[in-house]
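Please build the complex by placing chain P on the supplied structure of chain Y, with the hints as guidance.
Residue numbers (this note's numbering), protein chains in the order written: chain Y, 1 to 456; chain P, 1 to 456.
Among the hints, a few may not be true.
Pairs count within a copy or across copies, as identical chains cannot be separated in the list.
Claimed, not checked - Derived lysine to aspartate or glutamate pairs resembling EDC-like cross-links, with alpha carbons at most 20 Å apart:
no. : residue 1 : residue 2
1   : Lys-80    : Glu-13
2   : Lys-95    : Glu-157
3   : Lys-9     : Glu-74
4   : Lys-430   : Glu-170
5   : Lys-199   : Asp-98
6   : Lys-285   : Asp-255
7   : Lys-172   : Glu-429
8   : Lys-256   : Glu-13
9   : Lys-367   : Glu-55
10  : Lys-96    : Asp-438
11  : Lys-5     : Glu-74
12  : Lys-80    : Glu-94
13  : Lys-95    : Glu-170
14  : Lys-96    : Glu-157
15  : Lys-199   : Asp-332
16  : Lys-256   : Glu-14
17  : Lys-5     : Asp-77
18  : Lys-256   : Glu-16
19  : Lys-96    : Glu-410
20  : Lys-129   : Glu-226
21  : Lys-134   : Glu-226
22  : Lys-95    : Asp-77
23  : Lys-403   : Asp-443
24  : Lys-9     : Asp-77
25  : Lys-172   : Asp-291
26  : Lys-134   : Asp-77
27  : Lys-96    : Asp-159
28  : Lys-95    : Glu-74
FYI, nobody ran anything at the bench for these hints, they're computed from the structure.
There are 2 protein chains.
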Amino acid sequence: MSETKIPYKIYLEEQEMPKAWYNLRADMKNKPAPLLNPGTHQPMTAQELSGVFCEELVQQELDNDNAFIEIPAEIRDFYKMYRPSPLVRAYCLEKKLDTPAKIYYKFEGNNTSGSHKLNSAIAQAYYAKKQGLKGVTTETGAGQWGTALSMACSYFELDCKVFMVKVSYEQKPFRREVMRTYGASVTPSPSMETEVGRKINAEHPGTTGSLGCAISEAVEAAVTREGYRYVLGSVLNQVLLHQSVIGLETKAALDKYGIKPDMIIGCAGGGSNLGGLIAPFMGEKLRGEADYRIIAVEPASCPSLTRGVYAYDFCDTGMVCPLAKMYTLGCDFIPSPNHAGGLRYHGMSSILSQLYDDGFMEAVSVKQTEVFEAAEMFARVEGILPAPESSHAIRVAIDEAMKCKETGEEKTIVFGLTGTGYFDLVAYEKYHNGQMDDYIPTDEDLAVYRAKLPKI
Amino acid sequence: MSETKIPYKIYLEEQEMPKAWYNLRADMKNKPAPLLNPGTHQPMTAQELSGVFCEELVQQELDNDNAFIEIPAEIRDFYKMYRPSPLVRAYCLEKKLDTPAKIYYKFEGNNTSGSHKLNSAIAQAYYAKKQGLKGVTTETGAGQWGTALSMACSYFELDCKVFMVKVSYEQKPFRREVMRTYGASVTPSPSMETEVGRKINAEHPGTTGSLGCAISEAVEAAVTREGYRYVLGSVLNQVLLHQSVIGLETKAALDKYGIKPDMIIGCAGGGSNLGGLIAPFMGEKLRGEADYRIIAVEPASCPSLTRGVYAYDFCDTGMVCPLAKMYTLGCDFIPSPNHAGGLRYHGMSSILSQLYDDGFMEAVSVKQTEVFEAAEMFARVEGILPAPESSHAIRVAIDEAMKCKETGEEKTIVFGLTGTGYFDLVAYEKYHNGQMDDYIPTDEDLAVYRAKLPKI
Numbered sequence: 001m002s003e004t005k006i007p008y009k010i011y012l013e014e015q016e017m018p019k020a021w022y023n024l025r026a027d028m029k030n031k032p033a034p035l036l037n038p039g040t041h042q043p044m045t046a047q048e049l050s051g052v053f054c055e056e057l058v059q060q061e062l063d064n065d066n067a068f069i070e071i072p073a074e075i076r077d078f079y080k081m082y083r084p085s086p087l088v089r090a091y092c093l094e095k096k097l098d099t100p101a102k103i104y105y106k107f108e109g110n111n112t113s114g115s116h117k118l119n120s121a122i123a124q125a126y127y128a129k130k131q132g133l134k135g136v137t138t139e140t141g142a143g144q145w146g147t148a149l150s151m152a153c154s155y156f157e158l159d160c161k162v163f164m165v166k167v168s169y170e171q172k173p174f175r176r177e178v179m180r181t182y183g184a185s186v187t188p189s190p191s192m193e194t195e196v197g198r199k200i201n202a203e204h205p206g207t208t209g210s211l212g213c214a215i216s217e218a219v220e221a222a223v224t225r226e227g228y229r230y231v232l233g234s235v236l237n238q239v240l241l242h243q244s245v246i247g248l249e250t251k252a253a254l255d256k257y258g259i260k261p262d263m264i265i266g267c268a269g270g271g272s273n274l275g276g277l278i279a280p281f282m283g284e285k286l287r288g289e290a291d292y293r294i295i296a297v298e299p300a301s302c303p304s305l306t307r308g309v310y311a312y313d314f315c316d317t318g319m320v321c322p323l324a325k326m327y328t329l330g331c332d333f334i335p336s337p338n339h340a341g342g343l344r345y346h347g348m349s350s351i352l353s354q355l356y357d358d359g360f361m362e363a364v365s366v367k368q369t370e371v372f373e374a375a376e377m378f379a380r381v382e383g384i385l386p387a388p389e390s391s392h393a394i395r396v397a398i399d400e401a402m403k404c405k406e407t408g409e410e411k412t413i414v415f416g417l418t419g420t421g422y423f424d425l426v427a428y429e430k431y432h433n434g435q436m437d438d439y440i441p442t443d444e445d446l447a448v449y450r451a452k453l454p455k456i
Numbered sequence: 001m002s003e004t005k006i007p008y009k010i011y012l013e014e015q016e017m018p019k020a021w022y023n024l025r026a027d028m029k030n031k032p033a034p035l036l037n038p039g040t041h042q043p044m045t046a047q048e049l050s051g052v053f054c055e056e057l058v059q060q061e062l063d064n065d066n067a068f069i070e071i072p073a074e075i076r077d078f079y080k081m082y083r084p085s086p087l088v089r090a091y092c093l094e095k096k097l098d099t100p101a102k103i104y105y106k107f108e109g110n111n112t113s114g115s116h117k118l119n120s121a122i123a124q125a126y127y128a129k130k131q132g133l134k135g136v137t138t139e140t141g142a143g144q145w146g147t148a149l150s151m152a153c154s155y156f157e158l159d160c161k162v163f164m165v166k167v168s169y170e171q172k173p174f175r176r177e178v179m180r181t182y183g184a185s186v187t188p189s190p191s192m193e194t195e196v197g198r199k200i201n202a203e204h205p206g207t208t209g210s211l212g213c214a215i216s217e218a219v220e221a222a223v224t225r226e227g228y229r230y231v232l233g234s235v236l237n238q239v240l241l242h243q244s245v246i247g248l249e250t251k252a253a254l255d256k257y258g259i260k261p262d263m264i265i266g267c268a269g270g271g272s273n274l275g276g277l278i279a280p281f282m283g284e285k286l287r288g289e290a291d292y293r294i295i296a297v298e299p300a301s302c303p304s305l306t307r308g309v310y311a312y313d314f315c316d317t318g319m320v321c322p323l324a325k326m327y328t329l330g331c332d333f334i335p336s337p338n339h340a341g342g343l344r345y346h347g348m349s350s351i352l353s354q355l356y357d358d359g360f361m362e363a364v365s366v367k368q369t370e371v372f373e374a375a376e377m378f379a380r381v382e383g384i385l386p387a388p389e390s391s392h393a394i395r396v397a398i399d400e401a402m403k404c405k406e407t408g409e410e411k412t413i414v415f416g417l418t419g420t421g422y423f424d425l426v427a428y429e430k431y432h433n434g435q436m437d438d439y440i441p442t443d444e445d446l447a448v449y450r451a452k453l454p455k456i
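Only chain Y is shown next, with the shape it has when bound in the complex (with noise of 0.2 Å):
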């Protein structure tokens, strides 16, 4: 198909949005590793984790072998309130970056959530429903998620509790506010509700909180409430599961037009937005049926991948949830707080740290005034103000595309802008105001915490 051919926005029909998820692990050879008892160190059984999570989502969470699951006809229909999301063609930043390459991303901001945060909410809260739960908790950090999952428990009318980062409860209060309008409680972390967060009050008088903290709080407030289950936002493998439609509508518009991707790019905090952007590509690679580039993109002030060791550690702070073997900082890693843009997270999905160990994906850190000077770029070309988070892809596509440039070399880019920065605008004003730094943790620094991991 002719160049010209291809719009601005590539929609998918109604029809032709993925049915069944895509379960990536089916096509790895060496598996993810299993989460670990925190206590006995052995695999958490099924009935361990279903203490914790909805009977289905624990079945997800296991299931090595199923490539494909069915995508329930309940959660079919509240995604086509938001999706498909467009895959749009950048041709005014190609245009601006006088570039050969044809860069296209996913936008998955086009919903109140404001972020693919929505797709496996809508999941998880379906699960939580059909099993017959009262509810639900989480914890959320800058909102995404929090926001995400108070929409979806609306839709189901599950109550929704969620534990909000203290400082972000504080200086996001509009955040809050979209989950009060849909119905959620917001309680700010730590708090006084949970033993682990008096403890930590206790131990820490004053703090601000952390997002391994919160997860503390809302696992024991799950697991001591009849009729709760805990969800998470990300890295476990049953979100990146519910993530791979972000990835199957974008291969299907892609191979719409015959589109052939060079390289594949997404942030990367805990993976979820990653693992599912590349779900099908990374199935055709495993399969030896196709090769690309696939980079995730971190922070330079929270290097999982790039400067982390690949181990079990704990995935919570107050070390209360399984063990899961990741590329990992130590579990009480926390960026400084001059970090504003989001990927927060000290380690990084089982099943993306299993793939990048084999060499299957790179990785590249970029640090943050390089972030928001593409983002300001990206939002005056191409008209979308991108979260923080987001823009971590748009640096390294830009990078990319440049590169393009000066070798004159056509290549296709497809990169991931996971969702709009309409709630990030104190980040922008510090960019603006030249009040923002780039912060590198030490190799000292991060020693530190590597001495503190488990030994297993």
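Frame of chain Y, contents of chain P only:
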């Protein structure tokens, strides 16, 4: 075509997008009254207007004859970045209301300005660029229009100077920051930069400003600078012309599925959204080809159509602008500061005023707590957090759907969902906290302003 075939979202293909705007005035028997020179009370000539507005926009402002005006390719290219906007079938809202009515909404919020305002901003920036101007000036209240214009100016590399109502400047720093991201300069109004600003500051020390005052400043800044013109986001004929893209897309999407609406509902502040949404439908009605109920919804706290008078009035507080014949509450009217729901302009587009006066459309006013109640219900079932302005239309769409439930009629309702409420969470917070009241001006209040109308 059978009911079940209608998707949740109807997207036009790129090639189905409108190539010309529709100029409703061509089909009006009673043309809208001309703008008058505030000194001579004679109709403004093209020459007079072109001191304030771009030349081609002046032609559009005065053109009562040409039914279609081609959309330049450069503007159509920009439209392709965020248009076509989806026409959404509100299946979930219908289910929640348990109504036999079929509800559709045209959603204009999927762009970074968060509203339909971008449709005219890009057109006005284009003509300014084409004329070789350096930049444009404007005013903004809540910030939607200023954001849209800053995006448009950034795209065409024009200087953009925004006078932002002081109270919004201080209370909405995020909107200001988005405008800065797009390179606009934003000045709180009343400022000390203009003669009218200095005068208002001297007469009303400590004033937090008003839209009418910011308009006066923006106009003065444009006419006193070399290479600048003033642009306005609503009320004017040219703006309604550009916004006809909303209605044209809506009609094309409905026609594609053989759907004929019974009623079309839009919120009305200055009239830009409503005028655009209804344009092709009203055209059919004026030509006697079809009949539709067309309903303008305004806030009970600023009821220009339902309680104003049809008379010549100033468009701005400083009385530097031309006079327009419109339904107006008087140019000094400012709704209660407790009014959080937008749509605060004292007057109404001359086109819509004439159509209303001729009986071609209805108007209703709604209280703001009822508006937020509708907004929250809509957010929960349809997943989109609506702007307070847009929620006026939601309120009446729900009311009409509930009437259908009583009568059993399967009416087809189309309403305009003009934008998202991400920057309106202070208002939502007020609503959640029970701090919102339903101010309605008394007849005595209105009489005071009415007495000050110019005698023409």
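Status of the hints after comparison with the structure:
no., hint, verdict
1, Lys-80 / Glu-13, "both (10 Å within a copy, 18 Å between copies)"
2, Lys-95 / Glu-157, "between (47 Å within a copy, 14 Å between copies)"
3, Lys-9 / Glu-74, "between (27 Å within a copy, 17 Å between copies)"
4, Lys-430 / Glu-170, "both (18 Å within a copy, 17 Å between copies)"
5, Lys-199 / Asp-98, "neither (56 Å within a copy, 49 Å between copies)"
6, Lys-285 / Asp-255, "within (16 Å within a copy, 44 Å between copies)"
7, Lys-172 / Glu-429, "both (14 Å within a copy, 13 Å between copies)"
8, Lys-256 / Glu-13, "both (11 Å within a copy, 14 Å between copies)"
9, Lys-367 / Glu-55, "neither (41 Å within a copy, 46 Å between copies)"
10, Lys-96 / Asp-438, "neither (26 Å within a copy, 49 Å between copies)"
11, Lys-5 / Glu-74, "between (35 Å within a copy, 17 Å between copies)"
12, Lys-80 / Glu-94, "between (30 Å within a copy, 15 Å between copies)"
13, Lys-95 / Glu-170, "neither (41 Å within a copy, 37 Å between copies)"
14, Lys-96 / Glu-157, "between (46 Å within a copy, 12 Å between copies)"
15, Lys-199 / Asp-332, "within (16 Å within a copy, 59 Å between copies)"
16, Lys-256 / Glu-14, "both (14 Å within a copy, 15 Å between copies)"
17, Lys-5 / Asp-77, "between (31 Å within a copy, 14 Å between copies)"
18, Lys-256 / Glu-16, "both (10 Å within a copy, 19 Å between copies)"
19, Lys-96 / Glu-410, "within (16 Å within a copy, 50 Å between copies)"
20, Lys-129 / Glu-226, "within (14 Å within a copy, 64 Å between copies)"
21, Lys-134 / Glu-226, "within (8 Å within a copy, 66 Å between copies)"
22, Lys-95 / Asp-77, "between (38 Å within a copy, 13 Å between copies)"
23, Lys-403 / Asp-443, "neither (30 Å within a copy, 68 Å between copies)"
24, Lys-9 / Asp-77, "between (22 Å within a copy, 12 Å between copies)"
25, Lys-172 / Asp-291, "neither (42 Å within a copy, 48 Å between copies)"
26, Lys-134 / Asp-77, "neither (22 Å within a copy, 49 Å between copies)"
27, Lys-96 / Asp-159, "between (47 Å within a copy, 18 Å between copies)"
28, Lys-95 / Glu-74, "between (42 Å within a copy, 14 Å between copies)"
Violated hints, listed in ascending order, are 5, 9, 10, 13, 23, 25, 26; each of the other numbered hints is respected by the structure.
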